[in-house]
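Number of protein chains: 2
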Amino acid sequence: MPRLIPLTSPDDPRIDAYRVIKERDLVGRGGRFIVEGRTVLDVALSKRNRFALESLLLAESRVEALAGLIAQAPDDLPVYTASQAILDGITGFHIHRGLLGIGLRGAEPGIEDVLARLPEEALVVVPLGITNHDNVGGIMRNAAAFGADAALFDFASCDPLYRKAIRVSVGGSLVVPFAREGSAGALCDRLIAHGFELLALSPAGAVTLAEVHRPKRAALLLGAEGPGLPDEILARATTVRIPMKAGFDSLNVATTSGIALHALAA
Amino acid sequence: MPRLIPLTSPDDPRIDAYRVIKERDLVGRGGRFIVEGRTVLDVALSKRNRFALESLLLAESRVEALAGLIAQAPDDLPVYTASQAILDGITGFHIHRGLLGIGLRGAEPGIEDVLARLPEEALVVVPLGITNHDNVGGIMRNAAAFGADAALFDFASCDPLYRKAIRVSVGGSLVVPFAREGSAGALCDRLIAHGFELLALSPAGAVTLAEVHRPKRAALLLGAEGPGLPDEILARATTVRIPMKAGFDSLNVATTSGIALHALAA
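Chains R and G, in that order, are what the protein sequence lines are. Here the first sequence is numbered in my numbering, starting from 244 and rising by one per residue. Here the second sequence is numbered in my numbering, starting from 244 and rising by one per residue.
It is possible that part of the hints are untrue.
No copy is singled out in the list; a pair is fine if it fits within one copy or between any two copies.
Listed next, the in silico DMTMM-like pairs over lysine to aspartate or glutamate satisfying Cα-Cα at most 25 Å (straight line) [stated by the list, open to error]:
1. Lys-407 x Asp-377
2. Lys-488 x Glu-440
3. Lys-488 x Asp-356
4. Lys-488 x Glu-454
5. Lys-407 x Glu-468
6. Lys-488 x Glu-364
7. Lys-488 x Glu-363
8. Lys-488 x Glu-468
9. Lys-290 x Glu-468
10. Lys-290 x Asp-492
11. Lys-290 x Asp-356
12. Lys-488 x Asp-285
13. Lys-488 x Asp-392
14. Lys-407 x Asp-392
15. Lys-488 x Asp-474
16. Lys-407 x Glu-297
17. Lys-488 x Asp-402
18. Lys-407 x Asp-492
Note that these hints are calculated values from the structure, not bench results.
Please take these sequences and the hints and turn them into a complete structure.
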């Protein structure tokens, strides 16, 4: 159980990493990321989390309720406590959940690093051009729930360690190995070189999801709602459709990932 | 093609229904609802929309781009146009999409009205205690995509015609017949009386989704994330689980509805 460190000023230099979270929010990089809320912290303090934590910061009023959670943290993790007024002064906005943490990104693996570590039989999810943080978070949540071996993003997609993406992923972003690098085309080249069959979800797909015979190494390609996957990517993949009602063939891309991962992970 | 009616003042009484949308947003009732954005308006102006429209309001700058859409509207539908400055003055906040409409709720059917009109073979989705507008919108989107015959909400769930729920549903809330009335227990009574088998999604469900034999009349019960469905409801239903990875058995409820509707609609 770590020792609690009460703060008396929002300007305390030990919590510099929490200052002006809104800016970090926009940048989403710089070696650190923000975790917040009980459910995500529960994942962050478990063995499933792939990242190190630097510190926690919680509202004094929440210390008692969160004692069980804090007890799971390593003894040497700094856990700062502060009044709600000081917390608001630190981060520049009211923290509803009264619980924040800073994680360390560590060395960022590239696509090739992640691919090299996959088991012989593998299912990976490949979001291409997905810039909506809710959707990236939803995809990471589903990837964790259905045990996908990795998530491989092109660089046009948003960062799964962006604050809101982590929150929506309910911690999935901390659990599923991922990389984010290069173009969609280059990513497909790497997947094919590693023996993956490309399965591209598309409303006009050639086969239905139920007809797909799960290959030993399956890469599930997902495009942004609206534009979908580019033609040159579809041309290189087995295109897969989820049958829908005529006149309303519209699914959210995170929901699509859940339906497809459920079918392929079975 | 309706005639366009240019406005010169945000105080024009013909557009009273658009005034102070934020308040309507909170109330979400009063006989009218708000539709916004091109995709939802596209559904609202189609034959799939179950509701009448009262008027449209669009930014002058969008008239040319939206001409094809407006041409689908009935000739007698008032279509107001205004400068962005006037639009902002009317609704009290900036309208990014430059396109709003007012729909009329009409006579609100009860649970029994909707049940009485269902075909002999039917699939209904039953959200219980779901208060999150994104999730209700996501469920309505999936219900429309997979052709559910109706959505039946208990009164503890939020209104699918709430502004954000319509937006997230991408128009699904306008398409799928729904009612929202009474307690979860009373709703289950009515479903059973109408010959429905209750299928309750639950992480501890007795059978997997893949094992479910689709009954002629199937009611898919969904509870809120976190608390889930109450024990007394689970006790009356066939409980169904979606197999997930140990240690991360967490799915968003709208995603859950998509996975289950895809399986049951097939």
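Each hint, compared with the structure:
1. Lys-407 x Asp-377: both (7 Å within a copy, 15 Å between copies)
2. Lys-488 x Glu-440: Cα proximity of Lys-488 and Glu-440: across copies only (23 Å, versus 28 Å in one copy).
3. Lys-488 x Asp-356: Between. Shortest inter-copy distance 24 Å satisfies the 25 Å Cα cut-off; intra-copy 41 Å does not.
4. Lys-488 x Glu-454: Both. Shortest intra-copy (18 Å) and inter-copy (24 Å) distances satisfy the 25 Å Cα cut-off.
5. Lys-407 x Glu-468: Classified as both: same-chain Cα gap 19 Å, cross-chain 18 Å, threshold 25 Å.
6. Lys-488 x Glu-364: between (34 Å within a copy, 16 Å between copies)
7. Lys-488 x Glu-363: between (37 Å within a copy, 19 Å between copies)
8. Lys-488 x Glu-468: within (17 Å within a copy, 27 Å between copies)
9. Lys-290 x Glu-468: Intra 34 Å, inter 24 Å, cutoff 25 Å: inter-copy only.
10. Lys-290 x Asp-492: between (40 Å within a copy, 15 Å between copies)
11. Lys-290 x Asp-356: Close inside one copy (21 Å), not across copies (52 Å); limit 25 Å.
12. Lys-488 x Asp-285: This pair counts as between: shortest inter-copy Cα distance 17 Å, intra-copy 39 Å.
13. Lys-488 x Asp-392: between (32 Å within a copy, 11 Å between copies)
14. Lys-407 x Asp-392: Within one copy only: 22 Å inside, 34 Å across.
15. Lys-488 x Asp-474: within (24 Å within a copy, 34 Å between copies)
16. Lys-407 x Glu-297: Close inside one copy (19 Å), not across copies (37 Å); limit 25 Å.
17. Lys-488 x Asp-402: Between copies, since 24 Å is at most 25 Å while 33 Å is not.
18. Lys-407 x Asp-492: For Lys-407 and Asp-492, the Cα distance is within 25 Å only across copies (20 Å; inside one copy 28 Å).
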